[in-house]
Amino acid sequence: MLGLLASLVDGLLVGAVYGLAAMGITFIWGVMDVVNLTHGAMIVAGMFGVYLLVAATGVPAYAALVPILIAGFLAGVALYWIAIHRMIGRPPLMSLLATFSVNLVLIGLGTAVWGTVLFNVSVSLPGFSLGRYTFPGTHIMAAVLTAVIAGALYLFLYRTRAGKAVRAVAANREAAELVGIPTTRILALSCGLGVALAAVSGALIATLFPFTVLSGDAYQLKSFVVTVLGGMGNPTGALVAGLALGLFEGLATPFMPVSWTLVIEFVLFVVVLIAFPGGLISIGRRRPAVR
Amino acid sequence: MLGRPFFWIIAVTIAVFAAAPLGGNVELRESLLLAAVYITLASNLNLMLGYAGYVNFGSIVFFGLGGYFCVYFMGSLGWGLAPALAVSGVAVSLAALVFGLGILRLRGVHFALATIGVNEAVQAFVTNFEPWGGSTGIYLSPELFQPLGGPAQALWIIYYLLVAIMGASLYLSYFVKRSKFGLGLLSIGQNEDAAAVLGVPTPRYKALAYSASAFLPAIAGGLYFFKGAFVQPADAFDLTLSTEAIVITMLGGQGTIVGPALGAYLYEELRGWLLTSETFANFQLVVAGVLLLLIVQFAPDGLMGFFYRRWPRLRRIFE
Amino acid sequence: MSALLEIECLGKSFDGLQAVSGLTFAVGEGEILGLIGPNGAGKSTVFNLVNGVFAPDAGRVAFRGDNITGAAPYRVARLGLARTHQIVQPFAGMSVLDNCTVGACFGRENLPLARAREAAREAAALVGLEKRLDAPALELTIAGKKRLELARALAARPALLMLDEVLAGLNPTEVAHMIEILRTIRGRGVSILMIEHLMQAIMSLSDRVVVLNSGKKLSEGVPAQVANDPAVIEAYLGDPGMVQRRPQ
Numbered sequence: 091m092l093g094l095l096a097s098l099v100d101g102l103l104v105g106a107v108y109g110l111a112a113m114g115i116t117f118i119w120g121v122m123d124v125v126n127l128t129h130g131a132m133i134v135a136g137m138f139g140v141y142l143l144v145a146a147t148g149v150p151a152y153a154a155l156v157p158i159l160i161a162g163f164l165a166g167v168a169l170y171w172i173a174i175h176r177m178i179g180r181p182p183l184m185s186l187l188a189t190f191s192v193n194l195v196l197i198g199l200g201t202a203v204w205g206t207v208l209f210n211v212s213v214s215l216p217g218f219s220l221g222r223y224t225f226p227g228t229h230i231m232a233a234v235l236t237a238v239i240a241g242a243l244y245l246f247l248y249r250t251r252a253g254k255a256v257r258a259v260a261a262n263r264e265a266a267e268l269v270g271i272p273t274t275r276i277l278a279l280s281c282g283l284g285v286a287l288a289a290v291s292g293a294l295i296a297t298l299f300p301f302t303v304l305s306g307d308a309y310q311l312k313s314f315v316v317t318v319l320g321g322m323g324n325p326t327g328a329l330v331a332g333l334a335l336g337l338f339e340g341l342a343t344p345f346m347p348v349s350w351t352l353v354i355e356f357v358l359f360v361v362v363l364i365a366f367p368g369g370l371i372s373i374g375r376r377r378p379a380v381r
Numbered sequence: 010m011l012g013r014p015f016f017w018i019i020a021v022t023i024a025v026f027a028a029a030p031l032g033g034n035v036e037l038r039e040s041l042l043l044a045a046v047y048i049t050l051a052s053n054l055n056l057m058l059g060y061a062g063y064v065n066f067g068s069i070v071f072f073g074l075g076g077y078f079c080v081y082f083m084g085s086l087g088w089g090l091a092p093a094l095a096v097s098g099v100a101v102s103l104a105a106l107v108f109g110l111g112i113l114r115l116r117g118v119h120f121a122l123a124t125i126g127v128n129e130a131v132q133a134f135v136t137n138f139e140p141w142g143g144s145t146g147i148y149l150s151p152e153l154f155q156p157l158g159g160p161a162q163a164l165w166i167i168y169y170l171l172v173a174i175m176g177a178s179l180y181l182s183y184f185v186k187r188s189k190f191g192l193g194l195l196s197i198g199q200n201e202d203a204a205a206v207l208g209v210p211t212p213r214y215k216a217l218a219y220s221a222s223a224f225l226p227a228i229a230g231g232l233y234f235f236k237g238a239f240v241q242p243a244d245a246f247d248l249t250l251s252t253e254a255i256v257i258t259m260l261g262g263q264g265t266i267v268g269p270a271l272g273a274y275l276y277e278e279l280r281g282w283l284l285t286s287e288t289f290a291n292f293q294l295v296v297a298g299v300l301l302l303l304i305v306q307f308a309p310d311g312l313m314g315f316f317y318r319r320w321p322r323l324r325r326i327f328e
Numbered sequence: 510m511s512a513l514l515e516i517e518c519l520g521k522s523f524d525g526l527q528a529v530s531g532l533t534f535a536v537g538e539g540e541i542l543g544l545i546g547p548n549g550a551g552k553s554t555v556f557n558l559v560n561g562v563f564a565p566d567a568g569r570v571a572f573r574g575d576n577i578t579g580a581a582p583y584r585v586a587r588l589g590l591a592r593t594h595q596i597v598q599p600f601a602g603m604s605v606l607d608n609c610t611v612g613a614c615f616g617r618e619n620l621p622l623a624r625a626r627e628a629a630r631e632a633a634a635l636v637g638l639e640k641r642l643d644a645p646a647l648e649l650t651i652a653g654k655k656r657l658e659l660a661r662a663l664a665a666r667p668a669l670l671m672l673d674e675v676l677a678g679l680n681p682t683e684v685a686h687m688i689e690i691l692r693t694i695r696g697r698g699v700s701i702l703m704i705e706h707l708m709q710a711i712m713s714l715s716d717r718v719v720v721l722n723s724g725k726k727l728s729e730g731v732p733a734q735v736a737n738d739p740a741v742i743e744a745y746l747g748d749p750g751m752v753q754r755r756p757q
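Line by line, the protein sequences give chains A, B and C. Just add 90 to wherever you are in the first sequence, counting from 1, and you've got our numbering. Just add 9 to wherever you are in the second sequence, counting from 1, and you've got our numbering. Just add 509 to wherever you are in the third sequence, counting from 1, and you've got our numbering.
Everything labelled a hint here was simulated from the structure, so no lab data went into it. Keep in mind that a hint or two might mislead.
Unchecked claim - Sample of chain B residues at the chain C side, in silico, Cβ under 8 angstroms:
hint	residue
1	Ala-28
2	Pro-30
3	Leu-31
4	Ser-188
5	Lys-189
6	Gly-193
7	Asn-200
8	Ala-203
9	Ala-204
10	Val-209
Stated by the list, open to error - No more than 20 angstroms apart at the CA atoms, straight line, and that leaves these computed lysine to any residue pairs for SDA-like:
hint	chain 1	residue 1	chain 2	residue 2
11	B	Lys-189	C	Asp-643
12	B	Lys-189	C	Arg-584
13	B	Lys-189	C	Arg-617
14	B	Lys-189	C	Glu-618
15	A	Lys-254	A	Leu-268
From a predicted model like this one, the values you see are computed outputs, not experimental measurements. A virtual CB, placed ideally from N, CA and C, is assigned to each residue, including glycine.
Take the sequences, apply the hints, and build the full model.
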């Protein structure tokens, strides 16, 4: 029984990071109606960023998070200008294909340079032990940092002028333009933030599990499952759904092989997409259909 | 119908595929076989993408399921090639109808994501499904080639069957486009709500198109994996192939019939060149990505769109 | 005159905002019924409720005796009810002829492709687009697109045509031309329910008028009657006694 509890708690910790990753997607979707299919590549970029920084400079992994956040932000702005800017206002499928193509390019380059070898970032952090069960220090740290980053995002959105502008553009881009908000800059900023979230979540995942260049696709899929469960465009929902998914995996792994949990997750993904456009969060809550 | 030039252009294309490797050029045959597979996948994808405007990211699921059904029927149940292919085609179309009923309520982006979800769910399921070999897959014994006259001859038969499937795909695209059904699909692609208001029975039409777009790729998958005598989840449901099908369709020009064929040919050539070139061996997906990005941003109508704008008279000959 | 379209106690609210409530009226065969009211009165919502874009919260819609409440748009169209939109919705990438052919193929008569093309040609000629059959729809002017929207709906040979502000954005010449077209259409036995803001047009065209305000029926009757109804004047202009009380 205690073992199950430990598994659940651990699932929550890891799930928090999934939630962070999903926040990256849902944020971009909410602000500019774009599904960022480069998300996976950016997660991988974060993973390799941490690896390379640690290997090159020997700094502790967590110190690398700040440069990765910044680099991720810049990459996001670049992504906006390369692939998304011309697609704003066009059918959403076009931006889908555009970001998808950038993902192809990046993953292709990645496999060319690093192949499909497993990489690892070693972090030594004392864990927290309760009786026979140890919660890895890395898991706890990742969850704590997720909370910090999510909190920072919240503060940005609700306590700063720029954040207010972002919320305005998310609500109604044309109206925001009419009141003088420089929408293009805000869109680029939001894209930067979304990608920064992806990159930093990748960095955190790298401290938890080994990875390859191809892990990006798997985590991107996972992020999408979480995003859909939490309701697209809803960052809080994404975080909650991430925790829920982590909980589910913690619950299920002792009892069934990993691939079955995958089946359940993907079936749930499709079912929620069809039946609950507002995500599982919207069950029981009457929310107006915005889109 | 027989009076229209394009009908004959398709016939000629099929004839070229049939005649070119005669004389035993195995290398050419293999490369044409791959082209035929691409053209089949892209043409059928076009029914949803180019006509109805629905991007099916996970279209590979039809190809993979078709492969699995066929290999299973022949390997474990001892069926002959023809019945195995036929039943696989029907089975996958029915499965598509069932999936479609669910996911076709979604539009645009949500639909695209759902098709990926379907593919991944099927892949994850098959990986666990013991009767189909789980994650190791199914191997076919070489004896199965005997009824076809031995392995070497079997490969030729498979090639011609695939060319026939490719031809069927092109003709299917053609006849659909010129039919009332096709007009309905095209109007859905332009403005689904306005189409419904005009009386187009949108749910039925979309489901039909989705199911129809599964049939020939399923048979092609059956042939392809029978030829390799081996099928496993990672290959059967690899999103790379459906990705390439999308790139091909958009490169050539979605909504046209020549488009997927032209795009497939060009992409095949490009890929072949990249694979043999020292520097670019790993870069095929990178090139695909760059191509797609450029097409989506600057030429969403693809090559045929460009040609039609430059020389409008071409529209009267080609479709 | 038998009732072609009957609306009974129709109601719909969106997130607490009551867009339409307790609405009852009917369109008779062969008549032109005008639906007027200030902006936001709920007129387009009524159209959406009738042709199945939204399902009503309350009430009943019957077309030629068949209950069509909440039926899907394509079913309603198949029964013989065609509709144009306030903001035109052409199939931009298709030609004018193809646009109209869609209407002819999938409307009441459910024609096969070849005969649908003929019906499409006729409808296009009726609105004056016969010279532009091969032009892509997106190349038309706004007036052209409005005529295309009308032709497309007509090609289906509907029993009832619902027009949503078909005269909006047209200059006086175009308006006069369109009014003639509408009279011709009625002459062919098509009944018309039209939403319009252009008072002269609607008063001269309509046999009867229904006035909507804040989702409720304010008045109903022949144009002259309705135009003099104080409640209607108040809804449009405000206080009807204002004219009397003007300071000298």
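Hints and how they fare:
no.	hint	verdict
1	Ala-28	35 angstroms, violated
2	Pro-30	39 angstroms, violated
3	Leu-31	39 angstroms, violated
4	Ser-188	7 angstroms, holds
5	Lys-189	5 angstroms, holds
6	Gly-193	7 angstroms, holds
7	Asn-200	5 angstroms, holds
8	Ala-203	4 angstroms, holds
9	Ala-204	7 angstroms, holds
10	Val-209	5 angstroms, holds
11	Lys-189/B to Asp-643/C	18 angstroms, holds
12	Lys-189/B to Arg-584/C	17 angstroms, holds
13	Lys-189/B to Arg-617/C	15 angstroms, holds
14	Lys-189/B to Glu-618/C	14 angstroms, holds
15	Lys-254/A to Leu-268/A	15 angstroms, holds
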